[in-house]
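Heads up: the sequence lines are chains S and B, in that order. 1456 is the number of the first residue of the first sequence in my numbering; add one for each residue after it. -7 is the number of the first residue of the second sequence in my numbering; add one for each residue after it.
Derived by calculation from the structure, the hints in this document are not laboratory data. Please note that the accuracy of each hint is not assured.
As the list claims (entries may be wrong) - A few chain B residues that don't get close to chain S, going by computed Cβ distances all over 12 Å:
| no. | residue |
| --- | --- |
| 1 | Glu34 |
| 2 | Val49 |
| 3 | Gln50 |
| 4 | Gly190 |
Claimed, not checked - Listed below are several chain B residues computed to face chain S (Cβ distance under 7 Å; list not exhaustive):
| no. | residue |
| --- | --- |
| 5 | Ala11 |
| 6 | Ser21 |
| 7 | Ala30 |
| 8 | Leu32 |
| 9 | Thr71 |
| 10 | Val74 |
| 11 | Ala83 |
| 12 | Leu90 |
| 13 | Met106 |
| 14 | Leu138 |
| 15 | Tyr201 |
| 16 | Ser220 |
| 17 | Ser224 |
| 18 | Thr241 |
| 19 | Ile259 |
Claimed, not checked - Restraint-style ranges between C-beta atoms, simulated for each label pair:
| no. | chain 1 | residue 1 | chain 2 | residue 2 | range |
| --- | --- | --- | --- | --- | --- |
| 20 | S | Gly1742 | B | Pro38 | 28 to 36 Å |
| 21 | B | Ala15 | S | Tyr1792 | 53 to 61 Å |
| 22 | S | Arg1630 | B | Met101 | 48 to 56 Å |
| 23 | S | Ala1601 | B | Leu100 | 38 to 46 Å |
Remember, predicted model here, so these are calculated numbers, not experimental data. Where a beta carbon is used, it is the ideal one built from N, C-alpha and C, also for glycine.
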Amino acid sequence: MATPPGGSVRTVAPSPGGPPAAQSSPSGPSGTGGPAPATTASGWRSRLHRLDRQASPYAYVAPFFLLFAAFGIFPLIYTAWVSLHDWNLLSSDNPFIGLDNYTALFADGYFWNAAFNTLSIGVLSAVPQLLLALVLAHLLNRPLRAQTLFRITLLLPNVTSVVAVVVIFSQLFGRDFGLINMVLDWLGFGRINWQAGVASSHVAIAVMIMWRWAGYNALIYLAAMQAVPKEIYEAATLDGASSLRQLWGITLPMIRPTVIFTVIVTTIGSMQIIAEPLLFGAQVSNGAAATGGTDRQFQTLALYLYEKGFRSFEFGYASAAAWMMFLLVVVVVGFNYLVVRRMRGGLDV
Amino acid sequence: MFKALRGHPLTYLTLVAVAFFSAFPVYWSVIVASHDNAALAEVPPPLLPGGNFFANVQRVFDTAPFALALLNSFVVAGTITVSVMFFSTLAGFAFAKLRFRGRNALLLMTVVTMMVPTQLGIIPLYMLMIKLEWTGTMYAVIVPALVNAFGVFFMTQYLSRALPTELLEAGRIDGCSTARLFWHVVLPAARPAAAVLGMLTFMTAWNDYFWPLVVLTPDNPTVQVALSQLASGYVRDFTLGLTGTAVATLPLVLIFVLLGKQIIGGIMQGAVKG
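Same shape as in the complex, but just chain B (with noise of 0.2 Å):
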């Protein structure tokens, strides 16, 4: 039908270009990341991956508390992801299915806060944590982070398409209660939402730097500030840096790769919403 738009060789030829910008970075750090540091100034570079990647890694945990900073991660992100699953999906059906007073400017409140820099509050946030005690522990990472304003609306968003009124009604006459619905009825069909709401909110845990670097201390980090640690400073040792970078890395790549089509039906879905 559409010739003109199927695929040209020159718009193959430009994607696998960008493509390629895409997956270099990320190559390129594997390259330097099993060679030794000498190997960077020879010219040309390296282009294939060198023998001395796993020396590299046990360098990086001798040198970082890097395997204590995994773990921290591991819990840090395990826990806001099931976190923020679970009281986003409860606050979602809420919304979209539920009627009471102040439900449309509750939802308002939640949509616009999302618009909000969380840089404004970030100086009181710190105080509030020097108050309770918890500078330095991952409850000051964790515990701000158990819910947000985008996962409520996200699943608000689903759930009033997917979840037909019909069903709810239904379990109402059969006489169930709100919580037996929304065991019974609404976390069944609230699952592939929930699910890509997990994965982005993992992957944004993993990866947060900012507040972690605030809050934390350098002995017990997580994985993002233990790897900045590595990377900086007066000596500059790219290898070091570069093989934290794939370690830190790996976990979320897999995921990625093993789940990808889902992450960006995910992201797609939102967006067509959003």
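Bound conformation, chain S alone (with noise of 0.2 Å):
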């Protein structure tokens, strides 16, 4: 597609070969007259215009590939040799053990702690956020009043940063002076010591993962769903089909692309938690931050990766378990794909 104006320089050009053009640039600037030093320039020109044509394009991508390249692509790779060794950051020494690291990690029952952490920490928090989400795109695919508003006041918590997130949330969830206790004693339910519990702290991370991300999905639907013609959904109003039967027989079909998007983006976020659990043990104790609580009661993956990395520095050990979280997160995308490409067969009307 960009070689016809390319090309037409080049035909002018008397030859395109080097050497002609080397011999004649010289006697370009004397200017000796008549056409010869016209086709000379253009020769000259027409070489420096190839030049930037070919090389331009990469003179482009460089710099991103280059940073990318140091600060992306060799960590990720670097990763693996470093795992298959007992690499500390203290000692001078640091012996090549093959995969040691690897069987001292399937006997850590810490790391199968951590791995079911994630997985239940995933779930609480992925499910419901995506269908509440699903349900408020479906609202506010309509004409609506203060439009505008409603989508802002949703995003809002997407800007909170993670740390503002968990600080308020950790108040609201405190034991003695939170609000949501406050709330739960009024009715009648007795207070809930939210970090102490597995279930408990689990639903408090989730809930703050949910506030965090809810919206921001719901936009990203509503996106989505305004791409589907309305002629689909008049005809099934005047077929007397509901609204939730509609949001279920008509627009998930439709924006099945974006669900499975969604559902990747989501879990490969999920797999990857590590601010909630530190910060909302950090309000136990420092202690409590790195081990997820005082008995590893929320200690995600990350979390785990973290505390072997850079509280023990055990840099070998802490590859091993990188490679292995993201191993797990390739695994649980690919069955969470299958699963949303399955719902197909459901859902056609």
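Given two chains presented individually in distinct reference frames, assemble the corresponding complex, making use of the accompanying hints.
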């Protein structure tokens, strides 16, 4: 597509080879008159032009790829190499130990505990979050008063930083002075020590994640829904299909690619959760931060990686954990992808 | 035409309830930040802002190096934003409109790496920072974030759609070099998308917590790191923590209130193409 202009310039040059242009270029400035200088000047220019056309694309993507290779790709690959060593920040000698880190990891109960917590918090946060987002987008996908105001309010939690979210919610979930316990007390349910239990801490963390991301996903669904032709809904309304039925019967199948996209992105995100449990634990004590609670009741895989890598500085072991985490992400994303794809049959109208 | 779908009272009721729950925690942080700690124990709790906000802010700046943290965060987020906008537009232009060998493979690699969890490489990245002697400095936070795959993908998508190839060809026929084309044709055309990318990048950089926590020291933090120090520990000073939260969130909320419409437009635009 880009060839026509380049091609036409090239034909002006007497010969596309290097030597003729090189010979004639000294005579260019002297300007001996006639058509000859014009040809040589354009020959020189066409070479420059060709160089520009050939080299520029690489020059333009180079800054990105150089920086990305150094600080993005290289660490990814090097992790595998480090994971095969007994590598510690404090020791000068880092012997190769093969797969020993992985064997130790498989026997480490704390690792499996973290894997369980990650999946549990992931399910508790992702499933209600995406369902809520879907309903919200459905409600917003119609002519409404204060449409923009609703959208901005829904996205407000996403602008708030993770740290701010956890600080705010830790106060709300506080045992003694928390607003949520105050309400529970008032309703006669009794107070909950949210950080203490496995289930209660997972719910609290899931609520924080949901609060931060439901509105964002709702906007993404809304964008997809607005591309669905309105006539389909009109026909369905005439046929007497309820609003909820239209959501499941028409909207969902029509926006399936977006649903798959959000499921994948949300899954990847929830497998990496770290700031929430880290800071939620820090509300209890500094010691409970990296372990995700005093009994590791909410330590996620990423937090386990942090504890091994940046508290005890076992780089080799932590790298092995990183790779296992990556494998788990691939497995879970693949599983979710298959599940969402299978939903196709059941949802077709 | 379709009356059933128009603003039903129940629709409004649901949306107002959700909007309330979205906004309340932020509002609550302002309430706590403007009272003293004793007010938190009251039943019922205060629901209107009190008069203690500036005294609390003073306390925040006395307790943690918050002024330095704010300055650091502005420098970090600002530098990253300008760099991501520029290099993403540059690479996006090449991917969207220029033909070169290896183009598709490179673009595919960019998209695939978007899906890889960043934490996978965090240990070697930290080792690299030690080697470069950048730990504890803002270089460690800025340099790895100068480019990202999402930005390149985002600008590639936008430019392949919004930049007419005829315009570039016309420029070529007039004898424009690629650099001149980029400067005079591509950059103006890229402005709307670059602005959205800039806002998203600034928000992400400002809110980034985990990597700065790992690589910085408590005496030279970014805002999020300082905030987490303020809000953790044995002493439960919620007022202090939530005042810090308000101060750290304020710049972003300001940007968001001013440009919220564009940000939302950008997210929704990216979603359709993503």
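Results for each hint:
1. Once the 12 Å rule is applied to beta carbons, Glu34 (chain B) is inconsistent with being away from chain S; the minimum gap is 9 Å.
2. Consistency note on Val49 (chain B): stated as away from chain S, and its beta-carbon is indeed over 12 Å from all of that chain's, at 15 Å minimum.
3. The beta carbon of Gln50 (chain B) is kept farther than 12 Å from every beta carbon of chain S, the shortest such distance being approximately 19 Å.
4. Residue placement check: Gly190 (chain B) keeps its beta carbon more than 12 Å from all beta carbons of chain S (closest about 15 Å).
5. With 7 Å as the threshold, the beta carbon of Ala11 (chain B) comes within range of chain S, its nearest partner Cβ sitting at about 4 Å, so the hint holds.
6. Taking 7 Å as the C-beta cut-off, the interface hint given for Ser21 (chain B) holds, the closest approach to chain S being about 5 Å.
7. Of the supplied interface hints, the one on Ala30 (chain B) is violated, with its beta-carbon coming no nearer than about 10 Å to a beta-carbon of chain S, more than 7 Å.
8. At about 5 Å, the closest approach between the beta carbon of Leu32 (chain B) and any beta carbon in chain S falls short of 7 Å, and the interface hint on this residue holds.
9. A least Cβ separation of about 13 Å between Thr71 (chain B) and chain S goes past the 7 Å threshold, and the interface hint is therefore violated.
10. A cut of 7 Å between beta carbons decides the hint on Val74 (chain B): the least distance to chain S is about 13 Å, and the hint is violated.
11. At its closest, the beta carbon of Ala83 (chain B) sits 4 Å from a beta carbon of chain S; the interface hint therefore holds under the 7 Å criterion.
12. The beta carbon of Leu90 (chain B) is positioned within 7 Å of a beta carbon in chain S (closest approach about 4 Å), and the interface hint is therefore held.
13. At about 10 Å, the closest approach between the beta carbon of Met106 (chain B) and any beta carbon in chain S exceeds 7 Å, and the interface hint on this residue is violated.
14. The restraint placing Leu138 (chain B) at the interface with chain S holds, with a minimum CB-CB distance near 5 Å, inside the 7 Å limit.
15. For Tyr201 (chain B), the interface hint holds, the least distance from its beta-carbon to any beta-carbon of chain S being 5 Å, beneath 7 Å.
16. Because the closest C-beta pair between Ser220 (chain B) and chain S is about 5 Å apart, less than 7 Å, the hint holds.
17. Interface restraint check for Ser224 (chain B): the shortest CB-CB distance to chain S comes to about 3 Å, inside 7 Å, so the restraint holds.
18. The beta carbon of Thr241 (chain B) is positioned within 7 Å of a beta carbon in chain S (closest approach about 5 Å), and the interface hint is therefore held.
19. Of the supplied interface hints, the one on Ile259 (chain B) holds, with its beta-carbon coming within about 6 Å of a beta-carbon of chain S, less than 7 Å.
20. Checking the proposed 28 to 36 Å range against Gly1742 (chain S) and Pro38 (chain B) shows it holds: the Cβ atoms sit about 33 Å from each other.
21. Restraint check, Ala15 (chain B) to Tyr1792 (chain S): a C-beta distance of roughly 34 Å breaks the suggested window 53 to 61 Å.
22. Against the hinted window of 48 to 56 Å, the Cβ-Cβ separation of Arg1630 (chain S) and Met101 (chain B) comes to about 49 Å, which satisfies the hint.
23. The hinted window of 38 to 46 Å between Ala1601 (chain S) and Leu100 (chain B) holds, with their beta carbons roughly 43 Å apart.
The earlier numbered hints that this structure contradicts are 1, 7, 9, 10, 13 and 21.
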